[in-house]
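Use these hints to put chain B onto chain A, whose structure you have.
Protein chains: 2
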Amino acid sequence: MPLGSRTDCGDARYAGLRLPRVHDIAEDLQGALLCGFDFLVADIADPPVRRSPSTPPPFTRSDLLLSAAQWSGQVVGQTSAWIDADAATGSELRRDSEFCLRQELAWAAHLSLQACLLPCPRPEQVNTVRVLNQALLSSPGMALWLQVDVAAEGEERDAAWRAWNRARLACDHSGRLGAALALGRELPSDASLARWRGEPVKAVLLPTEAFVANKRGYPVLPKRHQAFLADMFQLGVQVILSGDGAAGGGAPRDAGEGGGAPVPHALRAHWEYVSYLFRKMEIAEPGQGIELAYRDYLQCPLQPLQDNLESQTYEVFERDSIKYVKYEEAVYRALCDRAPDSQTVLMVVGAGRGPLVAASLSAAQRAERAVRVYAVEKNPNAIVTLSHRVATEPMWQGKVTLVSADMRTWEAPENADILVSELLGSFGDNELSPECLDGAQRFLKEGGVSIPAAYTSYLQPITAHKLWTEVGAYKDLEHFETPFVVKLHRFHALSAPQSVFKFEHPTPQPADNTRSITLEFTSTEKFDAVCHGFGGYFEAQLYADVTLSTHPDTHTEGMASWFPIYFPIRHPFVLPAGAGLQVSVWRCQGNHKVWYEWAWVAGRQASPIHNPNGRSYAVGL
Amino acid sequence: MPLGSRTDCGDARYAGLRLPRVHDIAEDLQGALLCGFDFLVADIADPPVRRSPSTPPPFTRSDLLLSAAQWSGQVVGQTSAWIDADAATGSELRRDSEFCLRQELAWAAHLSLQACLLPCPRPEQVNTVRVLNQALLSSPGMALWLQVDVAAEGEERDAAWRAWNRARLACDHSGRLGAALALGRELPSDASLARWRGEPVKAVLLPTEAFVANKRGYPVLPKRHQAFLADMFQLGVQVILSGDGAAGGGAPRDAGEGGGAPVPHALRAHWEYVSYLFRKMEIAEPGQGIELAYRDYLQCPLQPLQDNLESQTYEVFERDSIKYVKYEEAVYRALCDRAPDSQTVLMVVGAGRGPLVAASLSAAQRAERAVRVYAVEKNPNAIVTLSHRVATEPMWQGKVTLVSADMRTWEAPENADILVSELLGSFGDNELSPECLDGAQRFLKEGGVSIPAAYTSYLQPITAHKLWTEVGAYKDLEHFETPFVVKLHRFHALSAPQSVFKFEHPTPQPADNTRSITLEFTSTEKFDAVCHGFGGYFEAQLYADVTLSTHPDTHTEGMASWFPIYFPIRHPFVLPAGAGLQVSVWRCQGNHKVWYEWAWVAGRQASPIHNPNGRSYAVGL
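Order-wise, the sequence lines are chains A and B.
For the first sequence, counting from 1, position 172 maps to 172 in UniProt numbering; every step adds exactly one.
For the second sequence, counting from 1, position 151 maps to 151 in UniProt numbering; every step adds exactly one.
Just chain A, same shape as in the assembly:
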């Protein structure tokens, strides 16, 4: 099952074949499969010639020619090229087109095809878009892929995206409307190509004309084509080869003679080349297995303060060795800055199952400083683990005191020199680190050190069609007003991240942890783009210049503990090239909760304020 929504999982590598004309669908499909292709693009009408509502049936081949599994898994439909449902009002062509377009799409749905390929309607072809929109709604199992010709140059190029965007808006951002990018021998600029990262590209159409012959006469792709394809493969986009094999090198020798399927063989060499690109990419991108599953997968942020974390959550955290290396380094540097004969009281607040305790002890050993460690943890289940470690790990014995308490209310027997915590969320303060550390600060000595010492959140506007439609799929207001933790993958940034809220520890008490800011972005795009919301990140200063970061420009290498956060918006909007965008964000506090509100203004357009009073999303105190 190479097609449709399955390709979103990101690890698919599928190639389809689009012949100039499918003559015998069973035979042509078999030939394509034998050659190595995963699916065939076939005209829905056979022959795909001009007809009218009064054309006697059948208008196409029988559904008995293939099994249901073959139709749904190995065939993508293609509507007739003559159709123009936006021909002159009242004309026969318009009437016939509208009828036949409906008829073909209904037949494709009857066959359970997962997708149909159609030319992207031009902006003025509103009637065609209306028929497509109706089909999307009445055939909920079928996707429509609009063929967008990105090969065209100059003004035309942006016209292609504008046409796509118009159709997308008219179809209300349907999650089953996708783009199929048709490449040519020439590619547009990188800026023009990059914008498609955030769009629902389902396939790249690769005509044999785009290939060139290498020294040995085999068809290969130019470097920029290769790079773009690699990028698209990463997004789970499949490739569709088209042509008759006459152009772009072709197969110099017959690479697989024999047996009843001569046509696909003409593209065998092209298929082998694409297949080689697939393998090359897999080699270049090893070990991303775990992360793959999380790409563009929406998660509600943790509420570690309100809920107790589970063992497996701790395990996932602890697996991120880089983070603890950084913490150990930070504690080490902090201890080194103390007198060699000093006695240091170090408290780990939110000790969990002990990784920060271990890092601190190991830093102390390395720094040759004497430490007394308090491990404060509110989760009674984690205390069980900690007790075991105190009892069994030699390095812990006699040095670690366990405290089963909430740091905000615990009465410490002595004050700390160093307070170590890992309470940060994907947006820095969003798991209420500020509120927790305000509480813990009571037992930090005057002049004591907090690790982390500070953290800052960042935000940037992004195109992220897939994320937005997934939020929209809930069909409620709540999800549009909830920030999600997500491994941003199919997205495209429209401006560099800007800093949002900064917190420092220790801080004069009582601290005001509410915040308010209006960011002024300017689109760095050369073209119009749709903004679907904001990507969020953080940078934390643990101690001196030891930092943790998920900011795209300064991301701590190898650190996997935090995915970015996505702030959705209720209505995606078009941000013109180079235009300004104001984003206001508030960190609000009520009696028992903390929440964000956000709003945007772009030219004459302005959003409602999202999540007022934390009605949809809040973090419990």
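Just so you know, these hints were derived from the structure itself, not from any lab.
Only true hints are included.
One copy or two, it doesn't matter: identical chains are merged, so the pair holds either way.
In silico SDA-like links for lysine to any residue, alpha-carbon gap of 25 Å or less:
hint: 1; residue 1: LYS593; residue 2: SER54
hint: 2; residue 1: LYS475; residue 2: GLY614
hint: 3; residue 1: LYS502; residue 2: ALA87
hint: 4; residue 1: LYS593; residue 2: GLY90
hint: 5; residue 1: LYS593; residue 2: ALA109
hint: 6; residue 1: LYS593; residue 2: HIS110
hint: 7; residue 1: LYS502; residue 2: ALA88
hint: 8; residue 1: LYS593; residue 2: ALA106
hint: 9; residue 1: LYS593; residue 2: GLN103
hint: 10; residue 1: LYS593; residue 2: LEU305
Okay, now just chain B, sitting in the frame of chain A:
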């Protein structure tokens, strides 16, 4: 209860008083009421001076000073003037302002005040807007009136509307956010004032400075002020007088000396003048009683084909004498165009309780033509009435044949010369007149006449905040995709109506009654405006130049049978002054239903297609 949402009913005439300072609320209120005012605007905080979260209570007067009914029915709150929740980030003023603004609004809600008056936040005052938005959501019984200063000149003037619009968008078009227009001695241009007709203006603030003294020294208003006030009164907007009575004439003699309430008396002459304007308007606008109740009241269009109409619905129809005068004239003219000695077969299809039969008979008498009338009606209940009329009315006897049948399937014993019907809806064809008359056309003679001969629908973009928020109050998609019959009242047109769909009868069969059009509007406004959807109308040609019309420019005088139709849109948008707007409309047909789909494009903004497949609204065949 002069305040809040009650004023929307359109026949309220209320005047409030805003003193420079309320000293003793019970006494000042009593004084205002004795003077004739309906309510008092009073500072929520008393005294309304700068304070902070740590200011010791009470910050205002006791709620025991007035009864609950007085607080809620006779007092509008007013927030402290020093408040600026958008002062520099981190400043004490900002912190105090945000706290005190919340505190005052919470207190106002505690008192069950129906409304609070506040300065309209400037566009950059996003933090203030956020606090107001939170208050709107947490105090569902209280309205907020933003004071918009329309007196300001030039650029500033549009800035006032822009600021209002920004607040409205940020507050998600809340139905409880209103505008209070503050007039000055000078008024802006008529174009600038007219735009407010479609906005939720709740009050007009009239300072005594706006008055001038007449020859006898009494305060009166300039002509343009009077005209604007009359317009606003028509919309149910109340007036609030403010000032100390020193300016604009004042009361030359003490018009009501005595007893403990000297302050309101200073404005007695102003109150009397406003009161005189109220009366003047009531005299100028007699007999609108019935229509008043329908102003801006959303009704689902009738489905006379699918449902049988009730007796009272017929009665309402029949009350509209103008319509039947026109029909009689049309039949008369059609008969006169026939030979004097001709025998005319006239069929009334959809005869209802017989008004068109009566009109036709009376036309025949006047034209001195012999007619045989068939009265075809599918509603068996109406047949009862018709039978009575045939039996009892001398003019009917021997001339009228009753047929209890659906015109689409009835087999007529002979063919008609003239087919008379009244099947039009507010949007012309929307009650399926075309489909019904296609059916009836079978028994119209070659060269026969249909009355009506043709009809055309019209559409125009409008500002109509109230209508849109009422549709939005259903909190579902369905209502945004349903056209409503409504007596448009609080609305403002942004461009002239354009013709949409035309139908002619008789028409070659089989007829295609689907339609599709894209209208190209240009805003005729001199300022930006919000578009909330489209107002729809129709013109019908009954016979020759005898017409019926609800088109604003050609409206048939005195005809009340049809209100306009309102096509809502899911997302209101800002239409810049002079900008283009494309509106696509389709009339679609399925197996058993007919429906409209619609969509708009304005610059880079574009809507989803509304009502695809008739999912939210359709007329049953």
